[in-house]
Amino acid sequence: MTVTQPTGVGDDQSVQTLERERDDMAAAPTDTATDVPPVTTLPPRPAGPTEQDRRRTGGMRAADVFAFFGAFAGAATTTGVLWTELGPFTGLIGYVMTTWVLFMTYYALLVSFEQNGPAVRDRIASAAVHSLGLVMLAALVFVIVYTFSRGWHALVHLNFYVQDMRSTAPQDPLTKGGLLHAVVGTLYEVGLALGIGIPFGLLGAVFLHEIPGRFARFVRTVVGAMTALPDVLAGLFIYATLILIFGVPFSGFAAATALAVTILPIIIRAGDVVLRLVPGSLKEAAYALGAGQWKTVRHILLPTARSGLVTAVILGAARAIGETAPVLLVAGANNFMNLNPFSGPMMSLPLLAYKLVQSSQDNDVARGFGAASVLLVLVLLLFGLARIVGGRGPGELTKGQQRRRARRSQRDAERIYDRWQNTYGMTSAPVPSRRDGS
Amino acid sequence: MADQSDVSQALSPQAVRRALKSNFGAADRTFRGVARGGGLLVLVVMTLVGTFLGFRAWQALHKAGLSFLTTQDWNPDGGGFGIAAVMTGTVLIALVAIAVALPMALGAALYISEYAPRRLQRTLITIVDLMAAVPSVVYGLWGFVFLQWRVGPLSRWISNWFGWIPIFKVPGVERNDPLSTATAFTSSTFIAGLVVSLMVAPIACSIMREAFGQAPLGEREGAYALGATRWGMIRSVVLPFGKSAIVGGTMLGLGRALGETIAVVMVISLVFKIEPHILTNGGSSISALIALRYGEESPFGISALMAAGLSLFALTLLVNFVAASIVARSRSGAVSEA
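Top line first, the protein sequences correspond to chains A and B.
Note that the working numbering gives residue 432 to position 408 of the first sequence, counting from 1, and the numbers run on in steps of one.
Note that the working numbering gives residue 64 to position 3 of the second sequence, counting from 1, and the numbers run on in steps of one.
It should be emphasised that the hints constitute simulated quantities derived from the structure, not laboratory data.
Check the hints yourself; a few may be wrong.
[What the hints assert, rightly or not] Pairs of lysine-lysine residues, derived as DSS-like cross-links and limited to a Cα-Cα distance of at most 25 Å, are as follows:
{"#": "1", "chain 1": "A", "residue 1": "Lys307", "chain 2": "B", "residue 2": "Lys82"}
{"#": "2", "chain 1": "B", "residue 1": "Lys124", "chain 2": "B", "residue 2": "Lys230"}
{"#": "3", "chain 1": "B", "residue 1": "Lys82", "chain 2": "A", "residue 2": "Lys319"}
{"#": "4", "chain 1": "A", "residue 1": "Lys319", "chain 2": "A", "residue 2": "Lys307"}
{"#": "5", "chain 1": "B", "residue 1": "Lys124", "chain 2": "B", "residue 2": "Lys334"}
{"#": "6", "chain 1": "A", "residue 1": "Lys200", "chain 2": "A", "residue 2": "Lys379"}
Next comes chain A alone, as it looks inside the complex (with noise of 0.2 Å):
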């Protein structure tokens, strides 16, 4: 029995219907029931089976997968007998476009015997879709992979990661010569860039969130246009300015500036997309409890954006990490350590990669396929970071800052404890568990 029994209903005449519809159900019509005049009657009704099968609303039918390998099949073949036999088809890329095409073609109309027009459009739109978001994953992870299986041969050698390019020539073996003094550059030139920039991307999110009004708006309307900016100007920016006119050597610190111009309106956006997301009753009971905006600032807003802003921070460390334009301009280029960032060439991982890769010795290609797969580790691991701590909310605590923040109440407690009892002189009040002694 499938019918659903209504609740509460009040009068006797429709609970008579609905045991009359009962009973229609179950048997052929009784004759019991004409002695109730007003009684709407239903036409009899087949007895049909009372448990029926669950329709299954997805998954694939086995039609549809034979119609997907055949086409596949088909158009494989076709473009076989095409390339090999019938014309003067060449190369890997055609074939695979052309069998795609005539997979499409036979596909709908495997479909379409069967089915009817909207169907059919909905397989053919289902398979586009597929293959085209496989075909852009499929490349991300072919670049990756290509770029470590190049550089593999350089990688698999120690000295790679110790040494730098002060003695190796081209033709070397690549048990000579590595890339340290290019990670150094890197983490000399994205720690300045990072140095200068987190300050004042910071002060800027802040200023955009704290002080609203036309003029935050006016430069927010400019953070967005500048990071509109072409990597390669934020270089030509500090060559014309640094070098040219103030004699600034081409330097480390000239490529952090330059790293820094590309990166700052990126953290300033990000992060006050973040400043954002602090949910204001917090502020407002911070102000409700006589805290200024610079303490509200100081102990609400950013300890509770923390986790984004750090994401912010991140994301343009990433960003700076890979950027080569601005670099090529302003850093120079050289062979050896150079340790201080504000004289001499430096030298850093993507820059590296370019210049080794366009040597006409395997030995410096594969050189610089390694320095490019060094270069994705630690974009990788920047980029996990970011994803580790801003996969939590604003105020989301981990397990450490709970138990950190957990103690910490427990110590006002016990100071406050202290001195009422000071104060006051009593002992009755249950004391508070001391349990690290402070």
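Fit chain B to the given chain A structure using the hints.
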């Protein structure tokens, strides 16, 4: 009664209006001052870049005059110089990139938001975001060492069969000529565009995906209830809802593609003539011009490069502003009656 008279007195026009004044303490005044100063400094640095580019470019622009827009050659110290060729090249590379990236980004965004299994979704989103974070030099390396040589047959195939369309023609290579050298097809605008497309696709994709994900559930279910297939639902609910995000994301990608430097530098070989045949060897781009020429120029040459940079900046700025306004409009319409 007394209360009421108080109230009416307070409401009467003679009542003195209470002045609401924020009384900032010393710490707050300092903070506001510093924050304002920070905002001002950021503003100064940002505008300085633009104005300085304009200021230094003035010398070259003044000398070249209108011919700056029409000259193809780049010879600031000798003959004429102008951005006709490099600007066309930049735009062509960006257009190729967008033509390849748009279907990929749209497909991937639809796949992630509509087709992918729930548990795969987060991973896929991470992968796409990661793809946007991969340094451009890595894509450049890949394009320079790998793609350049693998795309040759495809370029040849396209030029064989579609050579009658002017942009796919490769001058100097006969149709079906097996002896034509492979280098006729390397370092082309097409390959540069392919490499750049991989860089801009994830940016466009994540913007589209975000908008698709916000398409109202009620309307989706309504479409299904009316008997729509999945594609029918996407076409009638998701795509119209995300239309401005598609346009905006594409424009943002276009802005990035216009300014892309290092990957383009690695792939193309710079020529200073308008090269409308995208498959043939040689192309040009403003950012590549700057990256390759900045070192060997006289002060006047630098000024000319600045002028080229300025025109690139103006173009990207325009594209980005249009994109940002389109994306912002799509967000404001995101909350719909469900």
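Checklist entry - Straight-line Cα separation of Lys82 of chain B and Lys319 of chain A no greater than 25 Å? => result Roughly 19 Å between the alpha carbons, so the hint for Lys82 of chain B and Lys319 of chain A holds.
Next on the checklist: Against the 25 Å threshold, does the CA-CA distance of Lys307 of chain A and Lys82 of chain B hold or violate the hint?
Outcome noted: holds, 19 Å
Next on the checklist: What's the verdict on Lys200 of chain A and Lys379 of chain A, does the C-alpha distance respect the 25 Å limit or exceed it?
Outcome noted: holds, 18 Å
Checklist entry - Quick one, are Lys124 of chain B and Lys230 of chain B close enough, alpha carbons at most 25 Å? => result violated, 37 Å
Checklist entry - Within a Cα-Cα threshold of 25 Å, do Lys319 of chain A and Lys307 of chain A meet the stated pairing? => result holds, 10 Å
Checklist entry - Given the hint that Lys124 of chain B pairs with Lys334 of chain B, does the C-alpha gap stay at or below 25 Å? => result It holds: about 21 Å lies between the C-alpha atoms, which stays within 25 Å.
Against the hints set out earlier in the document, a violation occurs for number 2 only.
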